[in-house]
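Colleague: Protein chains in written order, with this note's numbering: chain A, 145 to 629; chain B, 52 to 536.
Simulated from the structure, these hints should not be mistaken for lab results.
Among the hints, a few may not be true.
[Stated by the list, open to error] Heads up, incomplete: computed chain A residues facing chain B, CB under 8 Å, no partners named:
1) V510
2) L539
3) L542
4) A561
5) V620
Don't be surprised by glycine CBs; every beta carbon is placed ideally from N, CA and C.
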Amino acid sequence: MERLLAVLNVFARIALMFGCAMLLPIGVSWWIGDGALTAFDEAFLGTLVIGGVLLLSTQRFRRELRPNDGVLLVVLCWVLLPAIAALPLIFGIPDARFADVYFEAVSGLTATGATAFSGLDKLPPSINLWRTELHWIGGLGIIVLAVAILPLLGVGGRQLMKAEVPGPVKEAGITPRVTETAKGFWIIYVFLTLLCTLAYGLFGMSWLDALTHAFSTVALGGFSSHDASFAYFDSPVLEGITIGFALVSGISYVTHFAALSGRSLRPYLRDGEAPYYLLVMAGSVLLIAAYIWQQNYYTEFSVALRHAAFNTVSVATTLGYASTDYSRWPFFAPLWMLFLCSFTTCSGSTGGGLKMMRAIILYKQVFREVAHSIHPNATTYIKLGGAVVPNKIILSVLGFGFLYMVCTIFFTLVLAASGIDILSAFSAAVACFNNTGPGLGLVGPDSNYGVFNDFQVWVCSFAMLLGRLEIFTLLVVLTPAFWRK
Amino acid sequence: MSNPLAVLRVFALVLLVFALTMLVPAAVAWFEHDKAAGAFLRGFLITLSPAALLWWLTRRHTEELRVRDGFLLVSLVWVLVPVFAAIPLMDFLRGMSFTDAYFEAVSGLTTTGATVIEGLDTLPYSINLWRALLVFLGGMGLIVLAVAILPLLGVGGRQLFTAESPGPIKDTKLTPRIAQTAKGLWLVYFGLAIACTLGYAWAGMGWADAVIHMFTTLGLGGFSSHDASYAYFNSPRVELVAIVFMTLAGMNFATHFMAVRRRTLSFYWADPEIRWYVGVMYASVLGIAVYLWQTHTYADFWTALRFAAFNVVSIATTTGFANTDYAQWPFFAPLWMLFLCSFVTCAGSTGGGIKMMRAIIVFRQVMREVVHTVHPNAVRTVKLADAPLPNKIIFAVLAFSFIYMAIIVSLTLLMVFAGQDIVTAFSAVVASFNNTGPGLGQVGPATTFKSLTDFQTWVCTIAMLLGRLEVFTLLVVLTPTFWRK
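Only chain A is shown next, with the shape it has when bound in the complex (with noise of 0.2 Å):
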């Protein structure tokens, strides 16, 4: 209990800085007066209360915190984040549902983008800047996330990554080795932000529009302003800019950080997932155009390159931006951008899924079982990047890509039972447990998730947190182990 209280603590502290995200849209709205000003102030004026209330109730509690602490702190903020971050929505939105509402703001936490709203183009434009600022500030979350606090846990065979981190590795307190490696890595994920604002802005959106999809593509959320996402603005150049800030997003940002600091590229080569990722990106675009032109989708090869490249370019890298529909393209398209969207981002990145990394050990741990068994007693390595993966780590990412697939067929399970149809179902798991956003069927491109019934969404909020958290993290909360003394 009382480490329950000591994080709680620091939660209150991290509940009213969030809180102070919300002048940008106050801002805005002031700024252009789109109506939405008074239910902003009301959400800022209740989380300044409600964190002010914990923080003074639990400040007795306050301590160092360690490293189990930083569990229970990670699912604090992406469980109760996103209540508070729901709050302007549901005073600006009043006959919106709490399901989706709330699903709405766990979409844009995780960086997923899946929308429960339709009629987005009618919305205060600062609701919407606040729907992708969501996005924004969950992305610095999961940089530190995803390069600080699951590789200090192990999750899934992240330690591995440990021993790339700059920073003070040995540290058994967790805030100096957060606050250490976040720094870096945040000063290049604002610089990206605004070169991409600058580029859209540059290249035909207005700036607010600008502002606000670059926050979302930056952390490869995929929360839009309009309801036709990018088909809105039908540009070849806006397409090429968000292609670009994607993959450069689906790339570890210790890799940037490193090529920064180094002033040189040769980071990207020796990483041992960029170029892999970038190669079945590669392959994969070629792929689609292809097999949507020889299908006749579309009559010229340069068309369908052109839709190919962006839209699968943003659902693999589980950004999730649409500039056509693609689900009315030959059924085998979308369903290998689902595919791909499950594994193709790297590991310190914004991106969901599974991780190139661990797809990679997979990959290689079946090839050599297969040598296994034509010589037992054979001593063989897993290398990556160089180094040999110990087996402790390939271990624990058979156990987890095990359990990432169950996940995905107990959430297509569920939804199926709840009344679904199947490619709903499972384009919606798909896409809710991997953070990409959109799925097929029901919920695709061109449709949004406000269709689910309050189960069905509460399902698919469930599988967003589950995904963003890499499963232990959430699993770890839940079991006697973790509170026992």
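For chain A, the structure is supplied; the task is to place chain B on it using the hints.
Modeller: Frame of chain A; chain B shown alone:
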């Protein structure tokens, strides 16, 4: 390097024995005057001559087979014997393509039970008998494969079972071990066969039908001599007999053997795999019965229970009989059944899928990972029947489960690529790969696999073989390392 010539000699002997079994339907056809006698005699001669020739050419290579030769022998038997098994079918059913005939034969010998033949009721008895006999023979081969050969090869953690199965344990020579195991287990198999035939006859089936259905029940195959499968009999008593024998055939035959030899039932209790197998399967029966009753598919609970019990046990044990078109049930039910068929049966049975033993190990390993995340330095072992499992086995099991799922995903993508809808593609792959039989959609229990294109049929054929040979056996033979000196 294995010893291909010695392997070929044994294969020739297997083929010789197999040719002789064609005389059984030939004799039946001759007695019944059903016009198929010629087809079987020609099939007999076409099989006998190459088998004899092959044996004569390799007769000097009587070297003892080593463990590694097992990979080649097993692959040869399951890939090539169906070619000969298909000959009488092609000969009699004019117009049947080799693709379809080979599919049917593979489906029989892998005890899958998926058929491409429509109008079974109008076929001569001998043809249906041959199809069922293939399942029975396949089952005989499988028991030996599962209990004697795969553990020796160590496929996917199978070495675990070496300790439990009867026969010489530490022997690295292949033949004495197979002979030893086969003797005991086939005795049990034939015992069950006689009991099952009597059971069906008691329940009201004609003797002719009783024999055919006994063959396919014990092999957990699922071929029937009626298009309507068990709906043709429409008899709860027949269904009950089928349920009992399907359940028995899904258990480890080594356990049956021990129980018979020591004349005690305690072995069943001591086997953790059997406890889970029975528990999961019958809990699912109850769950689905309640679900069907609640969703008003059946008006009263007992009807729901009758249909749930038969179809769930039939699919979960990978048999594939149906007494109603369960594809019309609310979608969760058939989906759950497909889910069950991928892991429920026990490791030493004629059933397909991952096997319950591996499912238990994977589950415990995942739990171990959770504990590891909380206590990174804790030393914990995965135990099975009170014995700790070596990491090597856990590795193999995890890698196996992973490649199992990966193959389902890839083959589904391939089917979709070839233009199949998602439900048909996915269910056909799952049903073939797990050696179950009927899928959903176009390949549902009320239809056949006939509507598939040639390419799609081949995908399913390969899926059946891969599933039956537990992936690695076939994969190993295809690697260059296997053939290197």
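Colleague: Hint by hint, note whether the structure agrees.
Modeller: Now the hints, each set against the structure:
1. V510: holds (5 Å)
2. L539: holds (7 Å)
3. L542: holds (4 Å)
4. A561: holds (4 Å)
5. V620: holds (5 Å)
The structure agrees with every numbered hint stated previously.
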